[in-house]
Every structure is written in structure tokens, then in C-alpha cells.
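The listed protein sequences derive, respectively, from chains A and B.
Anchor point for the first sequence: position 33 equals 33 in my numbering, and the numbering is continuous, going up by one each time.
Anchor point for the second sequence: position 62 equals 62 in my numbering, and the numbering is continuous, going up by one each time.
A couple of the hints might just be wrong.
[As the list claims (entries may be wrong)] Simulated coverage check for chain A against chain B, where a stretch passes if three residues somewhere in it have a Cβ under 8 Å from a Cβ of chain B: (1) 39–48; (2) 57–63.
[Said to hold, decoys possible] Stretch-level coverage of chain B by chain A, calculated; a stretch enters the list once three of its residues show a Cβ under 8 Å from a Cβ in chain A: (3) 63–77; (4) 102–108.
Just so you know, these hints were derived from the structure itself, not from any lab.
Even for Gly, the Cβ is constructed at its ideal location relative to N, Cα and C.
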Amino acid sequence: MAAQLFESVYDVTGRDFTNAGRASTAIKDTLKRLGVPPAVVRRVAIASYEAEMNVVMYATRGRILLQVSPQDVTLEVADEGPGIENIELAMQEGYSTATQEMREMGFGAGMGLPNIRRNADEFDLTSEVRRGTRLFIRVKQAA
Amino acid sequence: MATLTNQKTMTLADIRDLLGAEVLCGDDLSAQVERVGAADLMSDVLALSTPGMLLLTGLVSEQVIRTAIVADLCGVVFVRGKKPGDSILSLAREAKIPVLRTPLTMFETAGLVYGALARR
């Protein structure tokens with residue numbers, strides 16, 4: 001096991017659209033400060049932002065755990081919320097259960113989870129209906 | 001989202017002049033604009049943009065600026081004269097994201113920028 005160089009936790013509040021994205025911009029600043037390569041920072045930040053928007057749009061509250069090692073960057077996003085009934089369906093581009101309000105924010109078009117997977121080297125999504133959802137992604141630092 | 005890539009470039013100041021745009025924030029408009037995208041859907045920007053892209057959008061919210069930060073965009077142009085609130089502009093100022101506003105529609109804005117980039 002490689003030693004973790006850095007670990008940090010970010011709380012996300014459901015329905016708080018004004019602050020939605022604040023955790024992800026903080027994560028981006030942190031990664032830049034740690035000297036993570038810009039292309040890796042961008043992939044993690046994009047995945048994190050989509051995941052954070054999902055928590056804000058659908059869940060009551062959530063927590064993002066960021067871990068950075070010399071080998072990779074990982075994010076674990078766990079929320080308390082309605083969960084996802086059909087993960088396979090939720091992963092399809094364009095499939096969405098978003099409301100008009102969410103769409104007016106520029107999100108909720110069924111692109112979030114596919115965007116997250118596209119930016120991740122490892123992607124794991126599990127969910128329990130009426131309990132919550134857990135997303136794990138890994139982005140490798142080495143080429 | 002429609003995007004245009006060109007080998008030759010314009011600066012943000014050129015874009016301002018071309019669109020008769022008002023600069024809402026950003027002291028330095030010297031950034032070279034090599035790629036431009038027009039979208040109201042931020043997920044499309046996150047999926048399709050490249051670092052340094054200029055975003056033309058009719059969506060006015062904090063999420064536009066946060067998308068610009070996360071995706072390393074060089075600036076944002078709000079179309080149809082839409083005026084972002086103070087909280088949106090202070091977020092942009094803090095992140096040093098230049099923000100412009102043009103009275104033109106999305107179609108006119110994209111057309112002018114496309115034409116100018118294509119002529120270079």
C-alpha cells in the first residue's frame with residue numbers, strides 16, 4: 001500500500017443550488033496546490049462537479065472524500081437520498097429524472113454519470129433505494 | 001454544443017470589439033481564443049470543451065462560472081444582454097474568469113465569432 005499524501009472531506013448540502021460546485025472548485029484548487037498535473041486535475045474536477053451536482057439535485061446531503069497519492073487521485077461521493085432504482089438506465093446518456101428547476105441550472109440532461117465515467121480510470125456506483133448512493137472513482141496520475 | 005477550432009487565433013479583446021460587448025469583469029483580455037463553444041447545458045460544456053475554450057451562453061447562474069473554473073475555460077460571454085448578478089460576478093472575479101455581455105442573440109454571436117475565426 002502506498003502512503004496517502006493527502007486526504008480531505010467536503011460536505012455537500014442537497015438543494016443548495018447557490019453553493020453547488022463550491023466543493024469541486026475547492027478540490028481543484030487543492031489538487032493544483034499539490035502539484036497534480038493539469039490534465040489530471042481537470043478530469044477529477046469535472047467528475048467531482050457532476051457528482052456534486054447530483055448530490056445537490058437529488059440527495060438530502062452528501063460527503064466527498066478526496067484522497068491523493070503519488071499514483072492516483074480518488075473520490076468517494078456518498079449521499080443520503082432517494083438512491084437510484086436502475087443504475088444501468090441511469091448510466092445511459094440522455095436518461096434523466098431531473099426536474100425543470102434542475103435543467104435551468106444547466107444540468108439534469110442525463111449526461112452527468114456518463115461524463116463522470118468518461119473522466120475516470122476506475123468507476124464504481126452502488127445505490128440503495130430510499131437510502132442513498134455511493135460513487136467511487138479513481139484517476140491515475142501516471143500516464 | 002457547437003464548437004469551432006482554428007489554427008489562427010483572436011484575443012478576448014478582439015471578441016469584445018467584434019460583439020460590441022461590455023466587459024463585466026476581467027482586466028486582462030489578452031488571452032488567445034483558439035476554440036469557442038456555444039451551450040446552455042453545462043454538462044455538454046464539461047463533456048466537450050477543451051482547456052482554454054471561450055464559452056458563449058444564454059444561461060446565467062453561478063454554475064456557468066463554476067463550469068468555467070472546473071473546465072479551465074478562458075472566459076464567458078453572456079448573450080441577449082443578460083446581466084449576471086453580483087454573486088456571479090464576484091465568483092468570476094475571484095477566479096479571474098473574464099466575463100463579457102453582448103446584446104446579440106446566441107445565433108448572431110456564434111455566427112460573428114465563427115466568421116471572424118474562419119477568416120483568419
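Do the hints match the structure? See the list:
no.: 1; hint: 39–48; in the structure: holds (count 4)
no.: 2; hint: 57–63; in the structure: violated (count 0)
no.: 3; hint: 63–77; in the structure: holds (count 8)
no.: 4; hint: 102–108; in the structure: violated (count 0)
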